[in-house]
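Top to bottom, those sequences are chains A and B. At position 251 of the first sequence the residue is numbered 253 (this note's numbering), and the sequence of numbers has no breaks. At position 392 of the second sequence the residue is numbered 1394 (this note's numbering), and the sequence of numbers has no breaks.
Just so you know, not all the hints are guaranteed correct.
Straight-line Cα separation of at most 27 Å, DSS-like style, residue types lysine-lysine; simulated pairs [as the list claims (entries may be wrong)]:
#, chain 1, residue 1, chain 2, residue 2
1, A, Lys157, A, Lys260
2, B, Lys1364, A, Lys99
3, A, Lys96, B, Lys1393
4, B, Lys1364, B, Lys1258
5, A, Lys100, B, Lys1020
6, A, Lys182, B, Lys1458
7, B, Lys1020, B, Lys1426
8, B, Lys1393, B, Lys1347
9, B, Lys1120, A, Lys182
10, B, Lys1458, B, Lys1393
11, B, Lys1441, B, Lys1426
12, A, Lys182, B, Lys1426
13, A, Lys96, B, Lys1426
14, B, Lys1120, A, Lys96
15, A, Lys100, B, Lys1021
16, A, Lys182, B, Lys1297
17, A, Lys182, B, Lys1157
18, A, Lys99, B, Lys1021
19, B, Lys1426, B, Lys1384
20, B, Lys1120, B, Lys1108
21, B, Lys1174, B, Lys1120
22, B, Lys1258, B, Lys1347
23, B, Lys1116, A, Lys182
Now the stretches of chain B that chain A is said to cover, found in silico as 3 or more residues with beta-carbon under 8 Å [said to hold, decoys possible]:
#, region
24, 1100 to 1109
25, 1179 to 1190
26, 1276 to 1288
With the C-beta cut set under 8 Å, the calculated list includes, among others, these residues of chain A facing chain B [as the list claims (entries may be wrong)]:
#, residue
27, Asn162
28, Asn164
29, Ala168
30, Leu172
31, Gly173
32, Thr175
33, Gln178
34, Val183
35, Pro186
36, Val187
37, Asp220
If you're looking for bench data, these hints aren't it; they were derived computationally from the structure. Only a predicted model underlies this, so the values are computations on that prediction, with no experimental measurement involved. A virtual CB, placed ideally from N, CA and C, is assigned to each residue, including glycine.
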Amino acid sequence: MVKKVFARIYIALILVILYAPIVFIAVFSFTEAKSLGNWTGFSLSLYKSLFTGGMQNSSALISAVNNTLLIALIASLIATILGTVAAIGIFNLKGRKKQAIQLLNNIPMINPDIITGVSLFLLFVFLHISQGYLTVILAHVTFCTPYVVLSVLPKLTQMNPNIYEAALDLGATPGQAFRKVLVPVLSPGMISGFILSFTMSLDDFAVTFFTRGTIGLDTLSTFIYADARKGGLTPELKPLMTIIFIIILVVLLALNLKKSKHSDEK
Amino acid sequence: MTEHIIDIKHLSKSFSGKKVLEDINLYVRRGEFVTLLGPSGCGKTTMLRMIAGFLDPDEGEITLEGAPLVGVPPHKRPLNTVFQRYALFPHLDVYDNIAFGLKLAKVPSEEIDKRVRKVLKLVSMSDYEDRDVDTLSGGQQQRIAIARAIVNRPKVLLLDEPLAALDLKMRKDMQIELKEMHRKLGITFIYVTHDQEEALTLSDTVVVMNEGRIQQIGTPMDIYNEPVNAFVADFIGESNILKGRMMRDRRVAFIKHEFDCVDEGFGEDVPVDVVVRPEDIYFTTDPAKCQFKAKVNSCTFKGVHYEMFVDTDTGYELMIQDYDPYPVGSEVMLYIDPDDIQVMKKERRANVYEGEVTGDGKVEFLGAEFECNTEGFASGDKVRVTIRFEKVDLLDHEDEAVTTGHVEFILYMGNHYHLTIRTKSGEKIWVDTNDIWDKNDFVGINILPEDIRLEKLEEDGQKV
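When you get a sec, could you build the whole thing from the sequences and use the hints?
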């Protein structure tokens, strides 16, 4: 009994520590006070100002949000395609070669972002690629692809190895077999790889910072960094972060709900 | 029934240096039910995959109705496969699984509808078209897999151990249904299995394979009653396999008794192998009929019959199946009909290798150096090495052994075991022994110097 109580308290404590910062931001997004931590009564004025562009640097913020979403979308789409194809290739390798390639795939994930960022920066300089949108997307594709490989590989292992052959056997060309059988069967892995890539790309700071060049390209993370250095966060960031958090929460809940519904049917 | 639909000629295939199929020649008649039967690793599935187009042969050709198949990609071959683990598409329902091939072939949708319904009725799954495939049982999934293949009206249906994953009762039911389906459809079936009973039940023709080679092709009756070698006799059903000696035409000696038989043309006084099925040894109380006596040493009830082991008066152990039990310890009189004695040419009489004398008293073969008497030979001489089966010593450890190997195949010969050992060098050595070994046992191999016989060979490998 005592054990049970302690277990509950322990869990509650962990959850509080995990969620306190987010709850803090969310709560203080509903008040007017410009400085953090001051509660001056409930108000939606920060939300209003966020959406009507009432703040001083709103156009920069809006373009940073747009950049972030666009880069995340393009980079995770490319990473999903590359990663899926790579996973199929790795799956069909044998023995040591397979292990070696899987290790090579895992290293970029363990590698600190700062090293990835700096080395990509040096590489782009060395290759004389002018830095901007292209280099940021390339960099994001680089660190997202391994995650897609990791989420697609288990689906391949679970898959009946004969189903691709069965499709060929029934008259599908290799291309048709890929589209009509492999892709649908692997799609759960591809989708989770895509979502993982998307969120990785969304909150990346280090790699973006080193590969965005000097053309003034900002994503949300670099914008907030610059903003914070200028002296104090723009207050409208609080409602923005709350909205992002809620969107992610809804997406996650929806996915989990769909998954559990699917497994219930079985 | 006489027209060949598939012809296979000189088909060979190796995987990373290991031969899995060697010079396979086979034809399949239109409408026939042919079974490729053999233990795992005998090359039967490899052969099926080559017919389906998932593998290319290293050598040889496969033709379908006279047109070459090798090089034609699988999706262009008018054949369909039923896979061992069904391989249904998990993201499609039953209807779409079956319609998959027809949709790709751009068959009009009303016709697809008609054909899917018809084939569902054939496999008795009519009400299941909207079901997800992973809600079906193993047997139901297998029916859908068969339906998905035959709905395309293939010229040949390939089945890769389709019933292996089902339980016994289900397997028996499906066997009957498959046979019935084959009869109704008139499609040629090529069926792969390791289950000899399944092969005998289903097939018009059985192809027994072992180690990448065809051992025997024949009707189920032929294969059972007249196995051509000890492997086939041992693999198909139960059998007593014994060393014998053909005295003259129609007269054979084994278990130290002489018997009349129906085989001719072996020559006089020639060593042979003899197979007698356990149900073909009869008990008698009539001393005039008795050919030999024996003592019953075990008797086990097997449902329909009793299985007994008897020791003959000459020291051999035989298995007998009979509807009536005889008490353990009793003396019985036995006889065998001439018709029921199957005489086989001996595949080999001794181990023979090519080797080289490497020094005084040393000869190299089987990838190792053995001591032996090399009087009259010079170092570097190429020699033919002969060792009798019973002169090979097997040890259960590596110390003192000249080379090592694994037990690959065990044949009980009534009073001793005949083992096939795969040596470290990848070659085979055959051993007669009274010791009991298990398959895949690791063994040390030793041969006494005086048991190694050498003959000189010319440089080109010919005997002098």
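Results of checking the hints against the structure:
no.: 1; hint: A:Lys157 - A:Lys260; verdict: 18 Å, holds
no.: 2; hint: B:Lys1364 - A:Lys99; verdict: 42 Å, violated
no.: 3; hint: A:Lys96 - B:Lys1393; verdict: 42 Å, violated
no.: 4; hint: B:Lys1364 - B:Lys1258; verdict: 39 Å, violated
no.: 5; hint: A:Lys100 - B:Lys1020; verdict: 22 Å, holds
no.: 6; hint: A:Lys182 - B:Lys1458; verdict: 66 Å, violated
no.: 7; hint: B:Lys1020 - B:Lys1426; verdict: 14 Å, holds
no.: 8; hint: B:Lys1393 - B:Lys1347; verdict: 22 Å, holds
no.: 9; hint: B:Lys1120 - A:Lys182; verdict: 25 Å, holds
no.: 10; hint: B:Lys1458 - B:Lys1393; verdict: 21 Å, holds
no.: 11; hint: B:Lys1441 - B:Lys1426; verdict: 16 Å, holds
no.: 12; hint: A:Lys182 - B:Lys1426; verdict: 47 Å, violated
no.: 13; hint: A:Lys96 - B:Lys1426; verdict: 24 Å, holds
no.: 14; hint: B:Lys1120 - A:Lys96; verdict: 43 Å, violated
no.: 15; hint: A:Lys100 - B:Lys1021; verdict: 25 Å, holds
no.: 16; hint: A:Lys182 - B:Lys1297; verdict: 68 Å, violated
no.: 17; hint: A:Lys182 - B:Lys1157; verdict: 25 Å, holds
no.: 18; hint: A:Lys99 - B:Lys1021; verdict: 24 Å, holds
no.: 19; hint: B:Lys1426 - B:Lys1384; verdict: 22 Å, holds
no.: 20; hint: B:Lys1120 - B:Lys1108; verdict: 18 Å, holds
no.: 21; hint: B:Lys1174 - B:Lys1120; verdict: 24 Å, holds
no.: 22; hint: B:Lys1258 - B:Lys1347; verdict: 19 Å, holds
no.: 23; hint: B:Lys1116 - A:Lys182; verdict: 23 Å, holds
no.: 24; hint: 1100 to 1109; verdict: holds (count 4)
no.: 25; hint: 1179 to 1190; verdict: violated (count 0)
no.: 26; hint: 1276 to 1288; verdict: violated (count 0)
no.: 27; hint: Asn162; verdict: 5 Å, holds
no.: 28; hint: Asn164; verdict: 4 Å, holds
no.: 29; hint: Ala168; verdict: 4 Å, holds
no.: 30; hint: Leu172; verdict: 4 Å, holds
no.: 31; hint: Gly173; verdict: 5 Å, holds
no.: 32; hint: Thr175; verdict: 6 Å, holds
no.: 33; hint: Gln178; verdict: 7 Å, holds
no.: 34; hint: Val183; verdict: 6 Å, holds
no.: 35; hint: Pro186; verdict: 4 Å, holds
no.: 36; hint: Val187; verdict: 6 Å, holds
no.: 37; hint: Asp220; verdict: 42 Å, violated
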